[in-house]
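Numbering (this note's numbering), first residue to last: 689 to 1218.
Among the hints, erroneous ones may be present.
In silico EDC-like links for lysine to aspartate or glutamate, alpha-carbon gap of 20 Å or less [stated by the list, open to error]:
1. 976 <-> 834
2. 844 <-> 889
3. 1073 <-> 1116
4. 844 <-> 830
5. 844 <-> 834
6. 976 <-> 1116
7. 1120 <-> 1185
Think of the hints as simulated: they come from the structure by calculation, not from any bench. Here the structure is a predicted model, which means the values were calculated and not measured.
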Amino acid sequence: MRPRILQIHLLDNAIVALDNLAAGETVHLNGASWTLAEAIPAKHKFAATALNPGDDVRMYGVLVGKAQSPIPAGGLLTTTNLRHATVGYTLGDAAQSPWTPPDVSAWHERVFQGYHRADGSVGTANYWLVIPLVFCENRNVEVLRDALVYDLGYDKKRSYRTQTQQLIQLYTAGKDVAEILDADLLAQPATTSNRLFANIDGVKFLTHEGGCGGTRQDAQALCGLLAGYITHPNVAGATVLSLGCQNAQVAMLMDEIRRRDPDYAKPLIVLEQQKIGLESDLIALALKQTFAGLVEANRLERRPAPLSKLCIGLECGGSDGFSGLSANPALGHLSDMLVALGGSVILSEFPELCGVEQELCDRCVDSATAQRFTELMTTYNERAKSAGSGFDMNPSPGNIRDGLITDAIKSAGAAKKGGTSPVAAVLDYPEKVTKPGLNLLCTPGNDVESTTAEVASGATVVLFTTGLGTPTGNPIAPVIKVSSNTALATRMPDIIDFDAGGIIRGSRVLPRVRNGCWITSFKWQAEWQR
689 MRPRILQIHL LDNAIVALDN LAAGETVHLN GASWTLAEAI PAKHKFAATA LNPGDDVRMY
749 GVLVGKAQSP IPAGGLLTTT NLRHATVGYT LGDAAQSPWT PPDVSAWHER VFQGYHRADG
809 SVGTANYWLV IPLVFCENRN VEVLRDALVY DLGYDKKRSY RTQTQQLIQL YTAGKDVAEI
869 LDADLLAQPA TTSNRLFANI DGVKFLTHEG GCGGTRQDAQ ALCGLLAGYI THPNVAGATV
929 LSLGCQNAQV AMLMDEIRRR DPDYAKPLIV LEQQKIGLES DLIALALKQT FAGLVEANRL
989 ERRPAPLSKL CIGLECGGSD GFSGLSANPA LGHLSDMLVA LGGSVILSEF PELCGVEQEL
1049 CDRCVDSATA QRFTELMTTY NERAKSAGSG FDMNPSPGNI RDGLITDAIK SAGAAKKGGT
1109 SPVAAVLDYP EKVTKPGLNL LCTPGNDVES TTAEVASGAT VVLFTTGLGT PTGNPIAPVI
1169 KVSSNTALAT RMPDIIDFDA GGIIRGSRVL PRVRNGCWIT SFKWQAEWQR
């Protein structure tokens, strides 16, 4: 029989409800029992022992909060009786324990079909970019989109115009509001005409609101981000529109491109409107040169590449109380496998590493790497506090509603995506991944910003866990969604690619989990350790 509650680590005094538990219900675990004075919703936690104000609360074997008021054994942990708390951390000795990688012998000869670039990287796709260097050029980028996308065969969006037409027909036919609201509307399915360039997966038009105003540091960061996309393995070439007078100068962009790829050899078209003059001349020149670039990029074909050429971004968004039990550790095991094969993985969102700093410091390959991690964590947290926020304010209302009531609880589960391998490098936003292994990338906790940064750093695929559901994607890298629970996968099947909810139900098992976690008496849970 599937258990209804879970103790993740032997040191934990926070017990996870795997099902909705009713008030007055008696539940059992490891010879102990609790009669619940109040309902415990699934994904939420209750106290294993009576707690007094100031007492520690632990999950995943780490401190995740302190009691603010008396909590009885079996009492629900909430935002009112528990506050965020973590232990301090020191640099110590990096890479203290040797890492035992998983057995990946069955995967050594496996390949994927990718696009091989001159710098030795391999992309999972082949896109052309059209981007503005400053927000003033956004409209011209949209004009180019209208001119190119449909006729080149890249118009893949599902059209909802037919639904508007149906509503107009109902209104003109004299239907009242109630009948209109009750009508079944059909959307035109996504269709695409024959692509002119068979080896180009799409032309992507990226707009933004930066490039001028703000600080010179803002412009530098933007140029670094854009350079990350231009030099990305999934990108064949790019068209860049510049106004001319903005902070983000062309020379700044070119410096950032050379920093990431000193021998950059892809087609790159840079057009400055204030030098060209007429808008019509700018658009005509952009169309002709972009078309010529597409002809050149189309010559590249997919060829086999080893899995070591993959760079995977690890991301989460719309997390719930099951994310750290199913989807995130599943990605952690995959992360370890890819590292063992010689590939690269990126773990970002530094606010969601709060509380596991000591573990990550100890996993760094050397003291300099650990030092950089602690400096970035400290600096970023202080900047957040100066802006009226802080790591303790990271959980969203949706996170809290579904069991992630402190940042430390959320972070301890989110960090499971990074597996157990050594930390090979620590990167600041938006630096490029240059080393195989686990890379920590300093980004905000916002999943859209973090996904954007991971791809700019070189992620050719993003694996994205979610417990509540989110449409977050990326224009040049596939974003594969992994649900923490089956209810979500059933409710939003159009955005979920893999359901990890079977781990909660006990129908799926993780091959191996290390570092003392996942130790319970449950038969189905014990299988995770084998």
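Checked hints:
Note on residue 976 and residue 834: the hinted pairing holds, with a Cα-Cα distance of about 15 Å set against a maximum of 20 Å. Distance hint between residue 844 and residue 889 is fulfilled; the C-alpha atoms sit about 11 Å from each other, no more than 20 Å. Restraint check: the Cα-Cα separation between residue 1073 and residue 1116 comes to about 19 Å, which is no more than 20 Å; the hinted pair holds. In summary, the hint linking residue 844 to residue 830 is supported, as the alpha carbons are separated by about 16 Å, within the 20 Å threshold.
Simply put, residue 844 and residue 834 have alpha-carbon atoms about 13 Å apart, close enough for the 20 Å limit, and the pair holds. Annotation: proposed proximity of residue 976 to residue 1116 is violated, straight-line Cα distance about 37 Å (limit 20 Å). With a CA separation close to 27 Å, the supplied pair residue 1120 and residue 1185 exceeds the 20 Å bound.
Violated hints for the displayed structure, listed by number in ascending order: 6 and 7.
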